[in-house]
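Following the hints, position chain B against chain A.
Listed in order, the protein sequences are those of chains A and B.
The numbering used here numbers the first residue of the first sequence as 1 and each following residue consecutively.
The numbering used here numbers the first residue of the second sequence as 1 and each following residue consecutively.
In short, the hints are calculated from the structure, not lab data.
Some clues are possibly wrong.
Anything over 10 Å on all C-beta distances counts as not near chain A; from chain B, calculated [to be verified]:
| no. | residue |
| --- | --- |
| 1 | Arg7 |
| 2 | Glu72 |
| 3 | Glu212 |
| 4 | Lys247 |
| 5 | Ile270 |
| 6 | Lys292 |
| 7 | Gly375 |
| 8 | Asn377 |
| 9 | Glu378 |
| 10 | Thr387 |
When the alpha-carbon atoms are kept at most 30 Å apart in a straight line, the in silico DSSO-like pairs for lysine-lysine are as follows [to be verified]:
| no. | chain 1 | residue 1 | chain 2 | residue 2 |
| --- | --- | --- | --- | --- |
| 11 | A | Lys22 | B | Lys389 |
| 12 | A | Lys11 | B | Lys247 |
| 13 | B | Lys389 | A | Lys127 |
| 14 | B | Lys247 | A | Lys105 |
| 15 | B | Lys309 | A | Lys133 |
Bear in mind that the values here come from a model prediction, so they are computed numbers and not experimental data.
Idealized CB from N, CA, C, for every residue including glycine.
2 protein chains.
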Amino acid sequence: MYTNLKRTLAKECVKKVGETVKVQGWVKKVRHLGNISFLVIRDRTGEIQCVLEGELAGFIVETESVIEAIGEVVSTNQTSLGVELLSKSVKVMNKNSLLPFEVNKKELKAGLENLLNHRVLSLRHEKIASIFKIKATLEEAFREYLTDLGFIRIFTPKIVSQGAEGGANVFTFNYFGKEAFLAQSPQFYKQMMVASGLERVFEIGAVYRAEEHNSSRHLNEYISLDVEMGFIEGCEELMELETEVLKYMFEKVKEKNENELNLLKIEVPIITEIPKLTVHDVSEILKKHYKKEMPEGDLNSEGEKLIAKYIKETTGSEFVFITEYPKENRPMYTMPSENGLTKSFDLLFKGLEITSGGERIHEYEMLVASFREKGLNEENFENYLNTFKYGVPPHGGFAIGLERLTARLLGLMNVREASAFPRDMNRLTP
Amino acid sequence: MYTNLKRTLAKECVKKVGETVKVQGWVKKVRHLGNISFLVIRDRTGEIQCVLEGELAGFIVETESVIEAIGEVVSTNQTSLGVELLSKSVKVMNKNSLLPFEVNKKELKAGLENLLNHRVLSLRHEKIASIFKIKATLEEAFREYLTDLGFIRIFTPKIVSQGAEGGANVFTFNYFGKEAFLAQSPQFYKQMMVASGLERVFEIGAVYRAEEHNSSRHLNEYISLDVEMGFIEGCEELMELETEVLKYMFEKVKEKNENELNLLKIEVPIITEIPKLTVHDVSEILKKHYKKEMPEGDLNSEGEKLIAKYIKETTGSEFVFITEYPKENRPMYTMPSENGLTKSFDLLFKGLEITSGGERIHEYEMLVASFREKGLNEENFENYLNTFKYGVPPHGGFAIGLERLTARLLGLMNVREASAFPRDMNRLTP
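Bound conformation, chain A alone:
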């Protein structure tokens, strides 16, 4: 009986009033009232209430078990869906036998460590799941927008023989007898792909930082949305591109994740033009308005928060580009401008840096000189540097930290909340 019935999703039941359907999902709630029981079944599209009467009443099942219910869809004004299922049969497909915390309350009452230790379970809560649905949309929109502009999706190696920034914060391992590193960024490779003639490239991939941070802003493995573009006329073009990409990403989230945004009570900021301030201007503003001295030509996290507050109050923007960082605070491949400054920028979103970007040096001699100036041995960067003998066009790019962007957009206090299985100094599981 009913063996040929295909699964119907909770949301689709609305269109099936009067029909017999098979619903499968997780038991969100069980309620027994004398000779009638109510089960709420949750699947990836939503929830449906199943009414169990007669001999089905009193059906025993643990919440969060996987269940199948077959029955007739009937209209009701008792549920937000407007329909419920009058069950004819119900069976447990796989029982839940472990429940470290209750996931079916309106708010999930468990600390972050507990949530992360039991990720599979905490993701059952629709507010937590919403974070990852929105994260997926942000990434989807990023690639869609760039693909439409003729950017090519590239895949560059994460096993490398040299860390991009040349610093100490790299994970090191033995690669068939050679010393290898986990890539800190696809920086060198995305520049090489521009130089290869693809001109416009993007990559969506993990990057690795062996930094001994233990803050709410850092992950040791995160997803970097990387862009690199050839034949640019200057840094402005990159900031324009990033503004447009972000606009598109936010619009797509509004369009595709209305439910999730409502659930999380998030209003997506409208991006028009993003204000720009030089790092020097920022120092002046912080001194004048907040009596704060910043490190020369840079911003610490307190400075980021204060200038974001200032910009929000004076312009209404949640974003601000900080430009013209001095050479000593930017990597060796950054294009210098005048007076020891560079053609570079960071982007702050709600007071947190979510992007670094800039124009890169494209001439071999200038690049070698810049490596030397930073005290780097050019022999260690032979493959990268040789690229610049092949005729490389003016180019630049930027990278957006996907977890930071997601966390900021959704008002999450800790960037770990935007990573399904975060990696930090103390966390290597699950």
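Frame of chain A; chain B shown alone:
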């Protein structure tokens, strides 16, 4: 003069006859004929010929340098584009000073090692670039198709505390004093994400195999297109899904990469239904038709080639699913069927395995028993195994090796040709 002129791409010049435009790209060819010179400039959209007369004739520039030419677009029947540029000014933006091999011949005459050592340069050849444009389309289509079916794009960690298959072929490193591994596959994590209630997930990411292979079919770092789906009714559903995904991917390549396919002289196979054979049937066929004995319940690479040949000859299909592998040849999470067999499959494309897939065990006790049967210590898999106490639906999935798929589709002899910067036992650069 002309300083406000925006760059015009080669392909766009067709629509600008009579206009003055600025073209930027790489010098593909230089030809001097008395008091007239011809430069062919290549950019990401194609090529345009620039005619240099009068004092511009004899302009000296190395091929592969980056150049800017400003001039009037005029009609001609001398170029395939139908237009050329009568140059008014020309300048070198960045010179090329190194040319290990000539990239501007119709065929690139350099060995694979040489091509890979000078990847940036070999990618300048339009046939090589075409591989990566098509690879990008395959990945784009994969995600598009799955997103439309309600699959969510996930990001799972590549830094893990346990290799998915539990084998020895993992790269190991020190993670803040703990032993960590590079993930061999997102297997455990994609199953956990299904169990978390997302139900349908996919991932596009690097996987790492420390295998000491040195063959034309293996990479130590490659891109895995991973799918996992909950509430399946059986293995058939997974093979159907993969068939449809591949159909969509191939259609998209035909639609989007017509130029590249023409250049590479590739005809994309039309996928209708993909034939299925049990591994037992395959053995019988190989014995009967080719007098070949295969290892019990498995296929070696010779067997893969022969059965592919057989299927191609008897059905016309370039693909074949091989099903019902015995338990001892499949990983511990594979759902058993009867007589020591499993609900699993491989997919061969032109004689090469490009996919492994199957239904997974979703019940805790059965899974623990299967781990024990394989001699694995379940304590090492605690986080994964605990998931199955939470109520996990029937599920399964598969993974497609993106480089293998690309190489097979394009008739490349070596899978390394489908990786921009391949990693193998001997190669860690560029």
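field: Non-conforming hints, listed in increasing numerical order
entry: Of the numbered hints, 1, 3, 10, 14 and 15 do not hold.
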